Amino acid sequence: MNKDDLFREMKKAIVDGDGPAAGRLAGEAVRSGLDLLEVIDKGYVPGIHEVGELWEKGDYFLPELISSAEAMKSAMAVIEPELERARLHARTGGKVVIGTVEGDIHDIGKNLVAAMLQAGGFEVFDLGADVKLERFIEKAESVGADFICLSALLTTTMINQKRFVALLKEKNLRDRFKVLVGGAPASHRWAEEVGADGYAENAVAAVKLAKRLSPGRS
Amino acid sequence: MNKMSLLDLAKGRTVLLDGALGTELMARGLPLGACPESWNADRPEAVREVHRDYFAAGSDAVSTNSFGGSRIKLAGHGLAARTAELNVAAARLAREVAPADRYVAGSIGPTGKFLKPQGEFTEDEFESVFAEQSAALAEGGVDVLIVETQYDLHEALCALRGARRAGSLPVFVTMTFNAVPRGYFTLMGDTVTRCVSELEKAGAAAVGANCTLNSQQMVDLVASIRRETVLPVIVQANAGKPVLGADGRVAYSQTLEDYVRFVPDLVRGGANFVGGCCGTNPAFIKAMAASIARRTS
Chain A
1 MNKDDLFREM KKAIVDGDGP AAGRLAGEAV RSGLDLLEVI DKGYVPGIHE VGELWEKGDY
61 FLPELISSAE AMKSAMAVIE PELERARLHA RTGGKVVIGT VEGDIHDIGK NLVAAMLQAG
121 GFEVFDLGAD VKLERFIEKA ESVGADFICL SALLTTTMIN QKRFVALLKE KNLRDRFKVL
181 VGGAPASHRW AEEVGADGYA ENAVAAVKLA KRLSPGRS
Chain B
1 MNKMSLLDLA KGRTVLLDGA LGTELMARGL PLGACPESWN ADRPEAVREV HRDYFAAGSD
61 AVSTNSFGGS RIKLAGHGLA ARTAELNVAA ARLAREVAPA DRYVAGSIGP TGKFLKPQGE
121 FTEDEFESVF AEQSAALAEG GVDVLIVETQ YDLHEALCAL RGARRAGSLP VFVTMTFNAV
181 PRGYFTLMGD TVTRCVSELE KAGAAAVGAN CTLNSQQMVD LVASIRRETV LPVIVQANAG
241 KPVLGADGRV AYSQTLEDYV RFVPDLVRGG ANFVGGCCGT NPAFIKAMAA SIARRTS
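Going down the list, the sequences are from chains A and B.
When we follow our numbering, the leftmost residue of the first sequence carries the number 1, and every step to the right adds one.
When we follow our numbering, the leftmost residue of the second sequence carries the number 1, and every step to the right adds one.
Since the hints were derived computationally from the structure, they do not count as laboratory data.
In this text the structure is predicted, and so the values were computed from the model without any measurement.
What you were told as hints is all true, and nothing was included just to trick you.
Under the rule of at most 30 Å between Cα atoms (straight-line distance), these lysine-lysine pairs were calculated in the DSBU-like manner:
{"hint": "1", "chain 1": "A", "residue 1": "Lys57", "chain 2": "B", "residue 2": "Lys241"}
{"hint": "2", "chain 1": "A", "residue 1": "Lys73", "chain 2": "B", "residue 2": "Lys116"}
{"hint": "3", "chain 1": "B", "residue 1": "Lys113", "chain 2": "A", "residue 2": "Lys208"}
{"hint": "4", "chain 1": "B", "residue 1": "Lys241", "chain 2": "A", "residue 2": "Lys211"}
{"hint": "5", "chain 1": "A", "residue 1": "Lys57", "chain 2": "B", "residue 2": "Lys116"}
{"hint": "6", "chain 1": "B", "residue 1": "Lys116", "chain 2": "A", "residue 2": "Lys208"}
{"hint": "7", "chain 1": "B", "residue 1": "Lys113", "chain 2": "A", "residue 2": "Lys57"}
{"hint": "8", "chain 1": "B", "residue 1": "Lys241", "chain 2": "A", "residue 2": "Lys162"}
{"hint": "9", "chain 1": "A", "residue 1": "Lys95", "chain 2": "B", "residue 2": "Lys113"}
{"hint": "10", "chain 1": "B", "residue 1": "Lys113", "chain 2": "A", "residue 2": "Lys12"}
{"hint": "11", "chain 1": "A", "residue 1": "Lys178", "chain 2": "B", "residue 2": "Lys241"}
{"hint": "12", "chain 1": "B", "residue 1": "Lys113", "chain 2": "A", "residue 2": "Lys139"}
{"hint": "13", "chain 1": "B", "residue 1": "Lys241", "chain 2": "A", "residue 2": "Lys132"}
{"hint": "14", "chain 1": "B", "residue 1": "Lys113", "chain 2": "A", "residue 2": "Lys162"}
{"hint": "15", "chain 1": "A", "residue 1": "Lys132", "chain 2": "B", "residue 2": "Lys113"}
{"hint": "16", "chain 1": "A", "residue 1": "Lys208", "chain 2": "B", "residue 2": "Lys241"}
{"hint": "17", "chain 1": "A", "residue 1": "Lys12", "chain 2": "B", "residue 2": "Lys116"}
{"hint": "18", "chain 1": "A", "residue 1": "Lys169", "chain 2": "B", "residue 2": "Lys241"}
{"hint": "19", "chain 1": "A", "residue 1": "Lys73", "chain 2": "B", "residue 2": "Lys113"}
{"hint": "20", "chain 1": "A", "residue 1": "Lys208", "chain 2": "A", "residue 2": "Lys73"}
My request is simple: use the sequences and hints to build the entire structure.
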């Protein structure tokens, strides 16, 4: 298979959410000695972009997003060890610490955002659900995060997104991290009110937002 | 004397359900992150009080404090072993304060987990969990079961089958739809048509929508549900989106007046059961009762 055909197949594997195919094609790329960074950028990432477009049009829903993110993981599981061997790193959009705020055990949306950010080239540290606000800061400081993403499903716990921004200010760390908020009750207006750097309505929008605010950009 | 069934009542007039429950319990001191169902055992009087307020506001039926009462959901709070106890108690508390001519609906919410392949659970596992919860609610004396806020048709069908396996109570099912560019879909991508027809086929006694959409958006949605079924239709809208109030507390974007303004349209559009969801309270239900009464008088 020539390179263009291979890239086309890779994109298709992601769009179809076909993990086995995505992994097999990654293996082919490794065996053929292709530039693996180019493989990620021109083979797989366009697939994730198309998945995002299909979601925004209302053609794709949560099951398709999960399958595509899983397919991306299958490909990266083959590619990453090879990159490490060559002492190369996949281009990253930045480091993200993500979790559902304390008092809230809902994690469906947060998991999806984490999966899509990872598929979109971010290094993601997922702290899970019901995460103490201090814990977000500890983790973000220890890994040198660029973003802290806070999820909340309940109107009673979303207030913790506001408390978190206040806590960062109190610790004089507000400028160190970009704070993004999400969850069913959140909104652009909410993000402004609580002093966050941004809000995304869904996982696809979250990737776009993080890319726009990414420190590596420009 | 035999009381008319809730379904028969709905044949004659619009039936009023209740509004949000969790936020009412929070207002009475339920701590952030605590399991609301635990109050069925620990603070029964607070739960009774909320039900009483809704009956006083005009609800024909209230939903029990058991939305998160499935074994899977309770396990998140370390309360799985108390599943039967907390659901029986939920039903009894509502029953105890229900006037003789009013009704109690046993609330069943989603597990918060996914079926395979997105998650780890099988349909059989979900069905058993819902059957267990349904049996406990029936034992506590509910008149109907209401499977609510379902974002996955497959899970809703598991709940419906589990509830029907557990006994002979009528089972109502409300799905949660999002507005996307091509229309209304569940999170998992189920269409209104597919949800309604599959639920009807599986034996739902009434179908409808709750949560996420505000009362104006529900007017649009109820018409498309009505077109798909002859079953009674249920609508429980959110009061818009949460916003930060001037006092630093969370408030909702749709005011009581704006919310209730659309109730006549919901009824005209084919809703037989109306009630509230997130952001509503007994004051909303009282205003809805007045709106419905005006329409029928």
